[in-house]
Amino acid sequence: MTTDTTTKDTTAGAPAPGDTVLDARGVTMRFGGLTAVRDVDLTVRSGEIVGLIGPNGAGKTTFFNCLTGLYIPTEGEVRYKDKVLPPKPFKVTAAGIARTFQNIRLFSNMTVLENVLVGRHTRTKEGFWSAVLRGPGFHRAEAASRTRAMELLEFVGLAEKADHLSRNLPYGEQRKLEIARALASDPGLLLLDEPTAGMNPQETRAAEELIFAIRDQGTAVLVIEHDMRFIFNLCDRVAVLVQGQKLIEGDPATVQGDERVIAAYIGEPMENDPGAAEAAEVEAAEAAAEAAAEAEAATDAAPGKENDR
Amino acid sequence: MTTDTTATTPVAAPTASAPTGLIGIPAHLGRALATGGSVLAVVSTFLAWTWTDEFPGDLTFYGYPGGLQVLVLVGGLLATLFGLASYGVKGLGWLTPAGADAALKYAVLGTFATAWYTVLAISFQLGGLVNLEPGGYLVAAATLIALLGALALPFDRPEPDPIDPDETGWERFKHEAGHGWATFRAAFASGSPRPVRTLPSYVEILIIVGILALGLIVFTYGIGTEYDELFVGFLITAGFGFSALNRAGLIAHASQISARHTNITVCGAFIAAACFPFTQTDDQYATLGVYILIFATVALGLNIVVGLAGLLDLGYVAFLGVGAYAAALVSGSPSSPFGVHFPFWAAVLVGAVASLIFGVLIGAPTLRLRGDYLAIVTLGFGEIFRIAVNNTDGTSGPDITNGSNGIASIPDLNIFGFDFGIQHDIAGFTIGRFANYFFLMLLITAVVVLVFRRSGDSRIGRAWVAIREDETAALAMGINGFRVKLIAFAVGATLAGLAGTVQAHVTYTVTPEQYLFAGTTPPNSAFLLAAVVLGGMGTIAGPLIGAALLFLIPNKLQFLGDFQLLAFGLALVLLMRFRPEGLIPNRRRQLEFHEEADAPTVLSKTGA
Numbered sequence: 059m060t061t062d063t064t065t066k067d068t069t070a071g072a073p074a075p076g077d078t079v080l081d082a083r084g085v086t087m088r089f090g091g092l093t094a095v096r097d098v099d100l101t102v103r104s105g106e107i108v109g110l111i112g113p114n115g116a117g118k119t120t121f122f123n124c125l126t127g128l129y130i131p132t133e134g135e136v137r138y139k140d141k142v143l144p145p146k147p148f149k150v151t152a153a154g155i156a157r158t159f160q161n162i163r164l165f166s167n168m169t170v171l172e173n174v175l176v177g178r179h180t181r182t183k184e185g186f187w188s189a190v191l192r193g194p195g196f197h198r199a200e201a202a203s204r205t206r207a208m209e210l211l212e213f214v215g216l217a218e219k220a221d222h223l224s225r226n227l228p229y230g231e232q233r234k235l236e237i238a239r240a241l242a243s244d245p246g247l248l249l250l251d252e253p254t255a256g257m258n259p260q261e262t263r264a265a266e267e268l269i270f271a272i273r274d275q276g277t278a279v280l281v282i283e284h285d286m287r288f289i290f291n292l293c294d295r296v297a298v299l300v301q302g303q304k305l306i307e308g309d310p311a312t313v314q315g316d317e318r319v320i321a322a323y324i325g326e327p328m329e330n331d332p333g334a335a336e337a338a339e340v341e342a343a344e345a346a347a348e349a350a351a352e353a354e355a356a357t358d359a360a361p362g363k364e365n366d367r
Numbered sequence: 018m019t020t021d022t023t024a025t026t027p028v029a030a031p032t033a034s035a036p037t038g039l040i041g042i043p044a045h046l047g048r049a050l051a052t053g054g055s056v057l058a059v060v061s062t063f064l065a066w067t068w069t070d071e072f073p074g075d076l077t078f079y080g081y082p083g084g085l086q087v088l089v090l091v092g093g094l095l096a097t098l099f100g101l102a103s104y105g106v107k108g109l110g111w112l113t114p115a116g117a118d119a120a121l122k123y124a125v126l127g128t129f130a131t132a133w134y135t136v137l138a139i140s141f142q143l144g145g146l147v148n149l150e151p152g153g154y155l156v157a158a159a160t161l162i163a164l165l166g167a168l169a170l171p172f173d174r175p176e177p178d179p180i181d182p183d184e185t186g187w188e189r190f191k192h193e194a195g196h197g198w199a200t201f202r203a204a205f206a207s208g209s210p211r212p213v214r215t216l217p218s219y220v221e222i223l224i225i226v227g228i229l230a231l232g233l234i235v236f237t238y239g240i241g242t243e244y245d246e247l248f249v250g251f252l253i254t255a256g257f258g259f260s261a262l263n264r265a266g267l268i269a270h271a272s273q274i275s276a277r278h279t280n281i282t283v284c285g286a287f288i289a290a291a292c293f294p295f296t297q298t299d300d301q302y303a304t305l306g307v308y309i310l311i312f313a314t315v316a317l318g319l320n321i322v323v324g325l326a327g328l329l330d331l332g333y334v335a336f337l338g339v340g341a342y343a344a345a346l347v348s349g350s351p352s353s354p355f356g357v358h359f360p361f362w363a364a365v366l367v368g369a370v371a372s373l374i375f376g377v378l379i380g381a382p383t384l385r386l387r388g389d390y391l392a393i394v395t396l397g398f399g400e401i402f403r404i405a406v407n408n409t410d411g412t413s414g415p416d417i418t419n420g421s422n423g424i425a426s427i428p429d430l431n432i433f434g435f436d437f438g439i440q441h442d443i444a445g446f447t448i449g450r451f452a453n454y455f456f457l458m459l460l461i462t463a464v465v466v467l468v469f470r471r472s473g474d475s476r477i478g479r480a481w482v483a484i485r486e487d488e489t490a491a492l493a494m495g496i497n498g499f500r501v502k503l504i505a506f507a508v509g510a511t512l513a514g515l516a517g518t519v520q521a522h523v524t525y526t527v528t529p530e531q532y533l534f535a536g537t538t539p540p541n542s543a544f545l546l547a548a549v550v551l552g553g554m555g556t557i558a559g560p561l562i563g564a565a566l567l568f569l570i571p572n573k574l575q576f577l578g579d580f581q582l583l584a585f586g587l588a589l590v591l592l593m594r595f596r597p598e599g600l601i602p603n604r605r606r607q608l609e610f611h612e613e614a615d616a617p618t619v620l621s622k623t624g625a
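Sequences listed follow chains P and F, in order. The opening residue of the first sequence carries number 59 in the working numbering; numbering runs sequentially from there. The opening residue of the second sequence carries number 18 in the working numbering; numbering runs sequentially from there.
Calculated directly from the structure, the hints in this document are not laboratory data. No incorrect hints appear here.
Now the stretches of chain P that chain F is said to cover, found in silico as 3 or more residues with beta-carbon under 8 Å: (1) 160-166; (2) 172-182; (3) 187-198.
On the chain P side, residues computed to face chain F include the following (Cβ under 7 Å): (4) Pro-147; (5) Phe-148; (6) Thr-151; (7) Ala-152; (8) Arg-157; (9) Ser-243.
In this text, a Cβ means the ideal position worked out from N, Cα and C, and glycines have one as well.
Chain F on its own, in the form it takes in the complex (with noise of 0.2 Å):
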C-alpha cells in the first residue's frame, strides 16, 4: 500500500507542471487537426450524406446544405473561426476575449455531436449504413479527428489532493474520482475576460442589433424546425455554441456593451420579436409565438413574486385563470350566463382587477407564512380556484362558470374596427388571426417588462430584495413586511390577470383543466415556476428564454410522448446539479451558489 502511494506521486508531478491535453497527441498537432477537421466538416456539408430523400429535409445534394446539414455547417464555421483564433490569425482577435481554446473545444465537439447524431439518425431511420453517401462518412471522420485534436489541446490540469495513505480503498477510490472530474472539468473551462473597451456609441448599438438579430434568426430557426431530427439536432448545436461564445467571453462582451444602454437594448428586444410575425408565411407557428408569449409574460409576472421577493408561490396559475375566465365571462360568449359584451380596455381592467382582489384575498392570509408553508399553502389555493370553477356550473352551485365544460366560443377581439380574428395585408406581409393576437400579447409583455425593470430599481424593489434576504434585518430596517409582501403579490396576481385576459381570446375557450398545478401542456403552475427557476430567478430575459424552451420542446419532439414528464423532471434535477442559477444568471443569485468563485466586488443595479 505505502509503496503504491511514493510510486504514484513522482509520475504525476511531472503531468502538472507541463500543460497537456485529455488524449496524448502533441498540442500543435491538435490544434492542426481540430481546426483542418472542421474545415471539412464544413465542406462535407456541401456534399450528399444519404441517397435517398426519405430522410426529412432531403440530404441528397451536391453544393446545397439542406436541414440538419445547414446545422452542421454552422457549427463547423464557428469551429473554424475558434480554430484560426487560436493560432492568433489577425482580425479574429475580438472574437475570443477569454482565450480560444475551450471555446474550440465546444464548437469542435457540438459540431462533433450534431453531425454524429445526423449520421446515426440516418442509419437508423432507413435501417444501415449503407444508406450514407460519402459525404456522410467524410463528415463523421471529419468531425470526429476535429473532436480528437480539440482534446489535445493542453490546460492547466488541477492539483489532485494529496492522498492519505489510511484511506480505504472506496475512500481512494472516490478521491481519485473526484479529481478525474475536477481535470475533465478544467480542460473545458476558460480563463476571465478582458474587459471590453468603450467603442463609439453607435458602434455599440450596431452591435446590440446585431446581436438582437442574430437571436431573432436563431429563434425564429427553432420555432419553424419541421421535424423532430432538425429540433434535437438545432437544440445541441444552440446549446453547444451557446456554451463556445461563453467560453470565448463573447457574452460576457456582449453583456457590457448591453448593459451600457439598457434602454436601446430593451426597445430592440420588442422591436425584434415585433419582426417575428414577418418573417413567417403561414400562421402555423405565429400560434407558436402567441402561446410562448403568454407563458413567459406571466412566468415573468411569477418573476417579481419569487425572483424579487423571494415568496414560492405554487398555486400562481390560478391568477392567470380568474384574469382568462373574467374576460370571457364578459366577452359576449353564448356560454356567459351575464350576456354581456364590453369593449376590449374594459375586458382587460376587468381581468386585472379581478386577478388584483383574488391576489389580495389569498395573500392577506397566507402572506403571514414563511417559506415552505406559504409554498403549501398557495399550492392549496391554486387548486381550489380550479375545483371552485369545476362546482359553479348551475347544479353544485351557482351558474357562473359553466363548470367541466367552460366557456366557448369566445369571439374575437375587435379594436378601434381592426379585427383580430381575420388576416390582414401590412405592406405585402400576411398578418393572420394569431399573429395579431401575438402583436397584442407582446404589448402585455412590454408593460409587465416595464413594471418589473422599474418596481425593481426602486424603493419596493429594494425592500424586496431585502426582505428575500433577511427578512427581521428587513423589518427592524422599517420595512413593512407584511404590506410589501402583499403588494409583490398583488402585483404578481395583477399581471398574470391582463396575460390571462388575452389568453382567453386567443384561445377561444377557457376551462378549468387549463389552469392545473402540473400538467403536459405549459401555463401551469409547476411549469412556470420552472421556467423561471431555469432561466434565471431575478432577471427578465431568464424567464422569457426559459418559458420558450420548456414550451418548444415538448411541442416539437411529439416523439418524447408519455416520457415527457419523465424527461423534463430528469432535466431539471441536472440543471439544479449542474448550474443553480438558471440559464440567465442574475449575478446575485451566481454569486449565492457558487461561494467559491473569485466574486467581481463591483455590481450595479437591483434586480435585473
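Looking at chain P on its own, in the form it has when it is part of the complex (with noise of 0.2 Å):
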C-alpha cells in the first residue's frame, strides 16, 4: 500500500523540477585546523527533495548549520533564491529557509498551537505597540495566524491536540509538530535533520508520506538521513558526504550501485594494511598480561582479595 502510494509520488505528483532554490558553493567550514566541511557544492531545486547522506562524522551536521546561518563558512557561499543567505539563523528563516532539529527541540511547555504561532513569527508584524493597544489590526494578524497555524496542525494531523502541551505528545508527534512549526514560516526550503531517528517502520512510512505532500505543495526539501531504505525511497537525488567531501551526487539508483559509498558505509582493507602490525602487537601484549593475572591469581590465594577486586 505504501508502495504504491510513493510509486504515484514520484512519478505523477511530482512537478518538475524548477528553479534553483538553494545553491551552495565550495562551502568550507574549518574549526581551527579541523576542516569539518571540504568544498562541497550542493544545489536543490524548487519541487525536489534532496537527500544528503553520510557515516556518523562526516560533516552532514555542519554543513547544515552552514546552511541555516548557525556558522558562518570559512569559505564559499551560500545562496537562497539568488540571494546571498545572511549570517544570522533568524535572518535566514525570514528569508525562505526553515529546518528541524536532530534531537527534537520544541518549547516543550508551550502548547502545540503556540509552538505553531511562534513559527509564524518572521511572516507577522505585530510588535510590542500593537500587543498592547490591541487595534483592530492585531486582531486581524492573530486570527489569520491562528487560521494559518490550525490549516498546518490539520495538515500534519494534530489538530485535535492543539491544546495539549507539547511535551506530553508521543515522540513520533513531536516531530510532526517540529516540522509543523518549521512549514508556519511559509519557506521555499525545508531542512530536515533526521526526521525519522528513533522512529518505528509504521511511523517512518507516515513521515515519508509527510514529506512527499510537502513537495506536493512546491516546498524544496534537504533531508539528512541514516535510513537508507527511507532515503532512496523518497529522494529524486541523492548526494553523500564522506570526510567533509562529497563524494558523489546523482540518483538514488546511481548512488546505491556505487563502490565508493558502500565502501565509505561498510568500510574496506587499506591497502597496505597499515593496522596490521600493530593489531597484532597489541593482540600479544593482551594476552601476555591476560596469563600474569592468572598466574597471580592462583598464587596470592588470600581470602580479602577476591573481594577488593
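Quick one: dock chain against chain with the hints and give me the complex.
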C-alpha cells in the first residue's frame, strides 16, 4: 500500500524540478586546524527532495548549520534564490529556509498551537505596541496566524491536539509538530535533520508520506538521514558526504550502486594494511597480561583479595 | 538480618490494605472528635481566655471574641464546616469538591496552631499558666482533641519500597525515613477536584465578587493587625486556611470560574483594591498600602523580564531609581539643581523615558550574554547606578543628584487642582495623603497589569516564552533573540521608571540608599526578585501577593529585628525546597518542577 503511494507520488504527483532554490558553492568550514566540510557544492531546485547521507562524523550537520546561519562558512557562499544568505539564523528563516533539529527542540511547555504560532513569527509584524493597544489590525493578524497554524496542524494531523502541551505528545507526533512549526514560516526550502531518528517502521512510512505531501505543495526539501531505505525511497537526488567532502551526487539508483559509497559505509581493507602489525602487537600484549594476571590470582589465594577486586 | 526482613513484611502488608489514620483511633470516632472539638473551639472563643487586659487584644470578655480569638473562631468555623461536610451533610457538598478529609486536617491543624500559639503567648507574656481563665484551657483542650481526631482519619498509605537485604543500616534508615515522610505527606494529600459545572453567568460573577470581597477583608485585616501576636496568628490562620481551601478543591474551582471571566475578575480586583482606603479611618495603614503597591508594581514589571523572557536581572531596582530621580529632578524640589517644576504628566513621561533609555543602554551590551553571566552583569550595573548617583554631588562629579543627601522635600502632586498632600472628604470618607497616592499608584499598577497581560498573550509574548524555553530553537524559528530580549528589558525598565515617578512623591525624598541590591527595606533588587519567585513567576497575582507578604512580614514583626534577613533567607530556602513554583504557580512552571505529577494535557493561555 505504501509503495503504491510512493510510486504514484514520484511519477505523477511530483512537479518537474524548476528554478534553483538553494545554491551552495564551495562551502568549506574549518574549526581551527580541523576541516569539517571541504569545498562542497550542492543545489536544490524547487519541487525536489534532496537527500544528504554519509557516515557518522562526515560533516552533514556542520554543513546544515552552514546553510542555516548557525555557522558562517570559512570559504564559499550559500545562495537562496540568488541571494547570499545572511549569517544569522533568524534572518535565514526570514529569507525562507526553515529547519528541524536532530534531537527534537520543541518549546516543551507551550501548547502545540503556540509552538506553531511561534513559527509564524517571521511572517507577522505585530510588535509590542500593537500587542498593548490591540487595534483591529492586531486582532486580524492574530486570527490569521491562528487560522494558518490550525491549517498546518490539520496538515500534519495534530489539529485535535492543538491545546495539548507539546511535551505530552508521543515521540512521532513531536517530530510532526516540529515540521509543522518549521512550515509555519512559509519556507521555500525545508531542511530536515534526521526526521525519522528513533521512529518505528510505521512512523517512518508516515513521515515519508508527509514529506511527499510537503514537496507537492511546492516546498523543496533537503533531508539528512541514516535510514538508507527511507532516503532512497524518498529522494529525487542523493548526495553523499564522506569526511567533509562530497563523494558523489546523483539519483538514488546510481548512488546505491556506487562502490565508493558502499566502501565508505561498510569500510574496506586499506591497501598496505598499515594497522595489521600494530593490531597483532596489541593482541600479543593483551594475551601476555591476561596470563600474568591469572598466574597471580592462582598464587595469591588470600581470602580478602577476591573481594577487593 | 534476614529473619528481620521476613518478619516485617507480613506486618506491613495488612496496614497497606486497610486505610487507617496516623494514630490508632477508630476512624468514625476520629471524625466525631475532630468535628466536635472544632465546635467546642468555636464555643470557647466566646469565653474569657485570660483575666487581665495586659495581653494585647483584651481576651477577658464573655460573649465577645477579640483579637486572636476571632482568628480561632474563623479557623474553628472552617473546621466545623469541613467536618460536617465530611459527614456528607446535605448542602455542604460544594465545599469539598476534592474530598473533605485533607481539608478538615488542615483546618483543624490551623485552628490548633493558632489556639496553642495564643495560649502559649499568654502564658509566657504574663508569666505562667495561672493567667489562663477556663476558656483558655477549654480552647487548648478542644483544639488538641480535634487535632488528634483529625489525625486518626484514614488515608491511602503509599506502598513501601521492597527491602534490599544487602543494605547497610544507614541506607535502611534512610529508606525508612523516606517512607515515613511519604506516608506523612499522603496523610495530608487530597484527590483531584471534580470539574466545576457551568453555572449561570450571573451566579459565577457573584461568586467572583464574593471571592474578591473575601480577599479584600483578609488583606485589610492583615494590614490592620496592631500587634505582633495578632499578625503571627493571622499568618498561621491564613496559611492553614488557604491550604485547607486548596485541599478541599475550592481554590481550583475558584480559579476555573474566574478563568471564564478574566476581564471581570481583573476589573473586580482593581475595584476591590480601590475600596481599601475606604475601609481605613486614618492614614496609618494607607501608608503601608501605597508602599506595598509600589513594591508590587515594580515586582510585576520585573516579572515580565524574569518570568516571561527568562532574563535574570539582579539590578532591577536601578530602573526604579532612575524613574524616581528623574521625577524628583523636575519636581521643583529646592535641592534639585535644575529648578524646574514640570506638571505631573510631563514628569511621568520624563521618568519613563529616562528609565527606557537606561534600560536600552544597559541591555544592549549585556543581553548578548546568557544565564548566569547576564545576572552578574546586571548586578554590577545596579551598583554602578547607586555609586554614580552618590558621586554626582558637585565635588566628586558634576552636581546633578546632590550625592548621598539625595533630593529632599519633593513637593506634593497637584493634578487638575486635586492636591495630593491634603485630606479630602469623599462621600463621608476621609481620604488622607497616602490614600490619595494609593489611588494614583493603583492606576500605574493597572497600566502594568494591562501591559503584562496583553503583551504576554501576543506574538511578542510568545517569542519571549520561546526564548526562555529554548533560545537556539527560537532563533531557528526566525525570532530575533537580541531584539526581543531588548524589548522585554526596556519594557520592564520603563514600567519600573513609571512606578519610580510616583514613589519619589510618596517618600518626599530620594536618596541613593533606597536603591540597594539587598537591604532591610523592601524595594531592593533582592526583595523584588524574591517577591517574583515567592509569588510565582509568570503570573500576575503571584508577584502582587509575594510583594504584599514580603513587605508586611518585616513591617509587622518588629521583634524579628536583626534576625529578619536570616528568617527571610530560611523561609526562601524552605519554599524553594517544597514549592519551587511559588505560591501562585503558573501552570507551565508547575509542570516543569513536578514532572511526576500527572500533567493535565490541556492548557489554554500564555503568560498569566
